[in-house]
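Asks: Starting from the known structure of chain A, fit chain B onto it as the hints suggest.
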Amino acid sequence: DAMVIQNPRYQVTQFGKPVTLSCSQTLNHNVMYWYQQKSSQAPKLLFHYYDKDFNNEADTPDNFQSRRPNTSFCFLDIRSPGLGDAAMYLCATSRDTGARDTGELFFGEGSRLTVL
Amino acid sequence: AQTVTQSQPEMSVQEAETVTLSCTYDTSESDYYLFWYKQPPSRQMILVIRQEAYKQQNATENRFSVNFQKAAKSFSLKISDSQLGDAAMYFCAVIISNFGNEKLTFGTGTRLTIIP
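Chains A and B are the protein sequences, given in the same order.
Anchor point for the first sequence: position 46 equals 47 in the working numbering, and the numbering is continuous, going up by one each time.
Anchor point for the second sequence: position 53 equals 57 in the working numbering, and the numbering is continuous, going up by one each time.
By construction, these hints were calculated from the structure, which means they are not laboratory data.
Any given hint could turn out to be false.
[Stated by the list, open to error] Here are the simulated DSSO-like cross-link-like pairs (lysine-lysine), alpha carbons at most 30 Å apart as the crow flies:
id, chain 1, residue 1, chain 2, residue 2
1, B, K107, B, K74
2, B, K59, B, K74
3, A, K18, A, K39
4, B, K77, B, K107
5, B, K77, B, K59
6, B, K74, A, K45
7, B, K107, B, K82
8, B, K107, A, K39
9, A, K45, B, K59
10, B, K59, B, K107
11, B, K82, A, K39
12, B, K107, A, K53
13, A, K45, A, K18
14, B, K107, A, K45
15, B, K77, A, K39
16, A, K53, A, K18
17, A, K45, B, K82
18, A, K45, B, K77
19, B, K59, B, K82
20, A, K53, A, K39
[Claimed, not checked] Listed next, the stretches of chain A that the computed footprint assigns to chain B, with coverage defined by at least 3 CB atoms under 8 Å from CB atoms of chain B:
id, stretch
21, 19-30
22, 69-81
All residues carry an ideal CB built from backbone N, CA and C; glycine is no exception.
For reference, chain A alone in the conformation it holds in the complex:
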């Protein structure tokens, strides 16, 4: 059974039209992450939540926002998508951060965003 579920798997939007990607988890993990992965590149961490505490990466553009209304759900909002935001967006969870746990992240299948 899928433990980290992302919706939609494929999202097409127009330049500047807001989009929201969702992630849900059945693992009851404390931490939820959003990564951006462009073709042939390493996943890049955008931000993560430790419970309700939001942690933004220094180089994440303001265009990207996130919400975590409860333990199970986390959303990625892209306020005004540009062509450069076309990518795969990966949601991941972990029981704790970093090496205080096994360090293992559990990933969803990703949401592929196309910007026209």
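Replies: Just chain B now, with coordinates in the frame of chain A:
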């Protein structure tokens, strides 16, 4: 900040043969964890194998094993008896144990093709 380098963008191996994927990393920390993640086409990324830096013994998981050379900051993955299901993108990653600064840093990946 830590960095991870995978110098082989693509590799191929004959089915049932053995292949080694290379990874080097750089960190000033002494306590950290290393990972190999597998990302099959259109499927979620999953953990293949994990190595704690303080352990000298190389980790093994069935057909997967690592060659961890701490002094050389090298962490290669060996896949024995390659199977068609091993075809995927493989990412090397590192996380340091510095409380409050744990972030999984990925390499750029190696695309592995299995030749029947």
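Asks: It remains to establish, for every hint, whether it holds in the given structure.
Replies: Status of the hints after comparison with the structure:
1. B:K107 <-> B:K74: Answer holds: K107 (chain B) to K74 (chain B) is near 20 Å, not above 30 Å.
2. B:K59 <-> B:K74: Measuring from Cα to Cα gives roughly 10 Å; hence the hint holds.
3. A:K18 <-> A:K39: Answer holds: K18 (chain A) to K39 (chain A) is near 20 Å, not above 30 Å.
4. B:K77 <-> B:K107: Holds, because 18 Å separates the two Cα atoms, which is no more than 30 Å.
5. B:K77 <-> B:K59: 14 Å, holds
6. B:K74 <-> A:K45: 25 Å, holds
7. B:K107 <-> B:K82: Between K107 (chain B) and K82 (chain B) the Cα gap is close to 25 Å, so the pair holds against 30 Å.
8. B:K107 <-> A:K39: 19 Å, holds
9. A:K45 <-> B:K59: Judged against 30 Å, a Cα distance of about 28 Å means the pair holds.
10. B:K59 <-> B:K107: Holds. K59 (chain B) to K107 (chain B) sits at ~21 Å (cutoff 30 Å).
11. B:K82 <-> A:K39: Holds. K82 (chain B) to K39 (chain A) sits at ~26 Å (cutoff 30 Å).
12. B:K107 <-> A:K53: 18 Å, holds
13. A:K45 <-> A:K18: 23 Å, holds
14. B:K107 <-> A:K45: 10 Å, holds
15. B:K77 <-> A:K39: 27 Å, holds
16. A:K53 <-> A:K18: Between K53 (chain A) and K18 (chain A) the Cα gap is close to 27 Å, so the pair holds against 30 Å.
17. A:K45 <-> B:K82: Given that 30 Å is the threshold and the Cα spacing comes to 25 Å, the pair holds.
18. A:K45 <-> B:K77: Between K45 (chain A) and K77 (chain B) the Cα gap is close to 22 Å, so the pair holds against 30 Å.
19. B:K59 <-> B:K82: Answer holds: K59 (chain B) to K82 (chain B) is near 18 Å, not above 30 Å.
20. A:K53 <-> A:K39: 28 Å, holds
21. 19-30: violated (count 0)
22. 69-81: Coverage by chain B is violated here, the residue count being 0 at a Cβ distance below 8 Å.
In the structure shown, a violation is registered for the earlier hints numbered 21, 22, in ascending order.
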